[in-house]
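Q: On the provided structure of chain A, position chains B, C and D as indicated by the hints.
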Amino acid sequence: MTSFLYYPGCSMDSSARAYHVSIQSVCATLGVDLHEVDDWNCCGASEYFSISLTRAQALVGRNLAIAEREKNGSDTLVAACSMCYLNLAKTDHQLAESPATAARINEALAAGGLRYDPGAVHVRHLLEVIVRDVGLDAVRERVVRPLTGLRVAPYMGCLLTRPGYDGQWSSFEHPVEFDRLIAALGAEVVDFPAKTDCCGGHMTQINPTTGFELIRRLVSTADRNGAHLMATVCPMCQMNVDAFQGEMNRSFHTSYHMPILFFTQLMGLAFGADPRTLGIGSELVDARAALGHIGIEVPPGPASDERPADAEAPAAPPPRVPRGRKGPELPMPTMPRDGEAIR
Amino acid sequence: MNDTPFEPVIVGFTCNWCSYRAADLAGTARVKYPPNIRLIRLMCSGRLDPTFVLKAFAEGADAVLVSGCWPGECHYLEQNIKALRRFELLKRVVAGLGIEPGRLQLVWASAAEGQRLAREITRVVEEVRALGPLDWGGRHAATTALAAAPPDSAAAPDANTEPEPEPAEVTA
Amino acid sequence: MTTDERIGVYVCHCGSNIAATVDVEDVRDWAATELAERGVVVARDYKFMCSSLGQELIEKDIAELGLNRVVVAACSPHLHEKTFRGACARAGLNPYLGELASIREQVSWVHTDKPAATAKAKAVVSGAVERVRHHEPLEELHVPIDPHTLVVGGGIAGIQAALELADAGFHVYLVEREPSIGGHMAQFDKTFPTLDCAACILTPKMVEAGSHPNITLLTWSEVTGVSGFVGNFTVTVRQKARYVDTELCTGCGICQEKCPVKPLDEVFEAGLGYRRAIYTPFPQAVPKYPVIDRDNCTYFANGKCKACEKLCPTGAIDFNQEDEILTVSVGNIILATGYELFDARKVEQYGYGRLANVFTSLEFERLSNAAGPTNGRVVLRDGVTEPKTVGIIHCVGSRDRNFNNYCSAICCMQSLKFAHLVKEHTDATVYEFYIDIRTPGKAYDEFYQRVLEEGTVFVRGRVAEVTDALRLPEEAAEDGRLIVQVEDTLAGRQRRIPVDMVVLSCGLQPASDAKEVARLFGISCSSDGWIIERHPKLDPVATMTEGVFAAGCATGPKDIPGSVAQGSAASARVLGRIQNGEMALEPIRASIDETRCSGCRICNDLCPFNAIVFHEDRMVTEVNAALCQGCGTCVAACPAGAISGTGFSDAQVMAQIEGLLLANVDRQRGGKAVPA
Amino acid sequence: MALAASPVPVTGVGRSFLDEVRTAAGQTSRLEMCIQCGTCGGSCPSAADMDHTPRMLFAMIRAGMREAVLRSNTPWMCVSCYFCAVRCPQDVHIPDVMYALKAMATRAGRYPDSTAPDFSKTFVDNIHAFGRSFEVGLIARHYLRHYMTRLPGVAPMGIGMLSKGRLGFRPKHIRDLDGLRAILDRAGELEESAS
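Protein chains in written order, with my numbering: chain A, 426 to 768; chain B, 2 to 173; chain C, 1016 to 1691; chain D, 9 to 203.
Just chain A, with the same shape it has in the complex (with noise of 0.2 Å):
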């Protein structure tokens, strides 16, 4: 059983209640303890830093100083949405960065009897403890309905990899640990060059149009690429392709049905738990058709218009000419395999 310090970020016990519980039912699995932080607060999502930086900081340096509190053993601070991730690594390397800025933090801190020393806990995003930690051997282990033959789009999304302060993903752009979970899971992991495009955050809310837009460019690269659905890390993405691709469809004249799980969602039904359990149904987008190409039935719900998955082959990948071979093709540069590094 290995613990760590969690902290679930507010979308957890609303709109985000069915990453909440797959959470929840995959760490049981897993045998991973996520023992929740204590009176907790927002994170300020985008928000806060936008009204005063200093007043932000203080805001989720609560956090973080509760966190160090209750540290023992762990001192891994666990976040499942990306926005809240982001937030608090951010302030912890901002405050780890500047003395100063730690100062003022922990003066204001000490206004509500608590202090936090600059890098006292390590924050990661639950993916990473799940593909580091855990291990991708662990999870095959685990899989007892493997998803073969589901089509899935791995989105990472923005905040997850980026500015990526401990160097955690092999790739700001193109990060290929999604992918590799997804496919120890037993499904097919479709290109996506949009992995790591931004879902709009809170675009749908302040300007419509920008958000929809983003939203189209995600949902139609998982489309054209002959996706099933698309597999996320975040409530906000979850919640801007899900919520917002009806709005969005409306306002672009489209039609696209691309339903967006949670990939907790996805291990959990990977593992063989029942899809109700995992919070399956409850997207606004019909995930069940697609699941049913697998033979996973999810009862009952509305019809769905899934349209037939062969509608459109995914994107071929760039030609290889294998070594030695002669022909009119150029060979490709050679890329490098894991671990190996490129000078």
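FYI, nobody ran anything at the bench for these hints, they're computed from the structure.
Cβ coordinates follow ideal geometry from the N, Cα and C atoms, glycine included.
Where hints are given, some of them may not hold.
Computed spacing ranges between beta-carbons, pair by pair [to be verified]:
| no. | chain 1 | residue 1 | chain 2 | residue 2 | range |
| --- | --- | --- | --- | --- | --- |
| 1 | B | E101 | C | I1340 | 51 to 59 Å |
| 2 | B | L78 | C | H1157 | 44 to 52 Å |
| 3 | A | F677 | D | S122 | 22 to 30 Å |
| 4 | C | S1542 | D | R149 | 51 to 59 Å |
| 5 | D | S122 | A | D558 | 40 to 48 Å |
A: This is chains B, C and D only, laid out in the frame that chain A set:
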């Protein structure tokens, strides 16, 4: 000069091939650093005789900065490593004499690192300013001792009593 | 206290370089009064001490006032030490009885507060005065110069250096790691700005170098060891087994035609074409003899094949050859180890290695080269389609804190050349995506003008990404093409420009083993990995180590003219040495007073130059002055104080410490002096 | 515009606008290092909707065009996806600069369109009230104020969310609200005294 704030005097030993040239480079590039440091040029950090440091403290330096080429970049192949060994020992001796560790510092700087050397000097000066003047009981004793005995005999406890000792094994 | 030293102190204004921050007159007067008892008999200041008038001032005083020590407070000894030693010598004073105190680089240029700077200048002068009191007259050491020279690296810079020396009648060992000399230039098609064909101007030089009686060509070879010092280096070279007897081989090339294995040629063809397991990198290779690459040869893999051996008309194939270790003696060394291309896979947003039709600059050189894998056809990765639109991206891996901070100097011109070549080979529209166009060379900007006239489209903006992901519905038409997303900074708008081919103008970086090479030859590299010149402006081809020179891209990105000029410059420096037959070295050496040596042998293991020898018979240690480099480590280590280092003796350093800390002044005062 | 009324004020007098922005961004933004290469504007997913690209905005900041900068919608269009930050060859912390500019514009009450500032404000008010964000309250208040017309459009979504139990009607409170408020107020004071 009690009315004026404390300005430490720091003696810096530099290597002719790297840190002294770094200092030149800092000058050519007009990089600024506090005037509290006064540099001495040696051919190599390996030339640093422990008595030089003791002498500096004895004659009123508030701190001593030793600088040489980065390990592996020594103009004389590996002499800076030997200097490093000797420095490890020296730190203990100096501590034994009741001088704060912060007053004896080692900085590697290649000939290209004028900016960096200036930054490091500034840092050291600030740290020593915080430490205040070197109030060293042993200063007088040392002065007379150094005056009496020939400088080299004071160098006797040397890091290289064994052919290739690890810093850890080195004991006076 | 009295003293028989008669010291003159000369404080330089250096125009306003020193005088602006240091009160020169004050320093002069302070030295004249406060240091009078330390032997200072005269202190003067002058606008430019290094001027002939300034030097005459010193010479005059030496003659008239009978000075026997001189302190000049001016710039760094690395600049003018020689100058003032000259002045002393002319006045009949041993040059080593002078001392140059740096109050410019280490005082006036780095400090702003005038009183503080002036005080420090006084301390520095005081230190120099105390030090100079302990100076001793020294004679320069003279070492003979072995007329043979080692040139490392067979690119254009190395070839040029070797030819200059050889033509002057001196013997050169030219060592090249690859099977042939020629370097990167041999891979190019055209050279900017004149567009001469690279092969046409390079091959004659290669042939000349290969056949020159004064040049020993050691290709497929690497330097493995260097010992000794200027004038007298001993270098070991590992000549890798060619498995071809160069005595018998005629270079007919049948073996290459018949070899069944066709591995990817990652070096010469930049991974764009194939060679054989037995190969010469290119037809004009010098020497003409092929090499067998063990890793790909079927025979070495499973003992079968031997096609080359069977078909070689002269029986030159010899699978039993082994690496040879050669030892050569040389007086000087020229490093022309060149550069490596920045690995574009690191800039992921440009998709190199992921997107088929993204090419590196070196790949494009091979594409457009008539002797290249496509016979000069500029085509997409499919090998047939001609691009209709080509985007050339500048500054890939350069001027970027994520990769290399520096400007790679050649990329702008290289990119302009590519634009021209694309137009020459195809009807494509060409885009140049640049941050700044830098064309500071003869006829370079004119070339820029020409490319403008040819209708190349210039977009000022560093490309954000190259993608095959379509975004806007109207891009559907562009399916299968690449989209270059960039802010057109002059229009202030983000643009997505569809192209068929992207060429990345990759920057230059030091060879991956640059640091090891530097260590091997006892020189230093900048943090970037480029070799540090003795002086970036005034001594660009010398290194800090006597007898080791550097030319071409080894010291930083350069174009061909620059590399050639440096090759010649380096050889000119070497020729001067050889002509003199000997050179004078600083007499900074360690010497052992046998009467004080206890024979403890502590020093014996400290010397990396094996200059310290122990005489079992007399149980004493001795220093070989010729081998000693004067680092002084043994001096510091000797528990008996038997070893003394000329120029940096304990007495000198101790005295300088006292002076710097004004203990000298205090003593006569009987109190702590405040220099102000 | 009349030639006389140049939009670019004479700078170099006193503390420059650039310094102001740098301070507001927490001093570590490296904004002064911008070489105007446009990597940010090229990478930005919402650049098309910005009235100035980030790069151009930085040039305007240097030019001291305070009014134009604070009125610009650029910072408000920033989705803080950090593409610009990780690609910037000069390692300028661009999203932090955008946050700072938003705060400055809000304080100066310059930005004409109140939608975004209001959203942030409402969000922050909720935090002060409950210690957690309160989606229903937030969205409801926001739509009523700014998107009456959008309501029919989003109705199905809202209903969907409710029927799927994805919207909580009662806001969650944290226990130590007083402590949180004390911290935020103190932080506010410190920020005032700093700027």
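Q: Each of the hints needs a verdict: does it hold here or not?
A: Hints, verified against the model:
| no. | hint | result |
| --- | --- | --- |
| 1 | B:E101 with C:I1340: 51 to 59 Å | 54 Å, holds |
| 2 | B:L78 with C:H1157: 44 to 52 Å | 24 Å, violated |
| 3 | A:F677 with D:S122: 22 to 30 Å | 27 Å, holds |
| 4 | C:S1542 with D:R149: 51 to 59 Å | 55 Å, holds |
| 5 | D:S122 with A:D558: 40 to 48 Å | 45 Å, holds |
The earlier numbered hint that this structure contradicts is number 2, and it is the only one.
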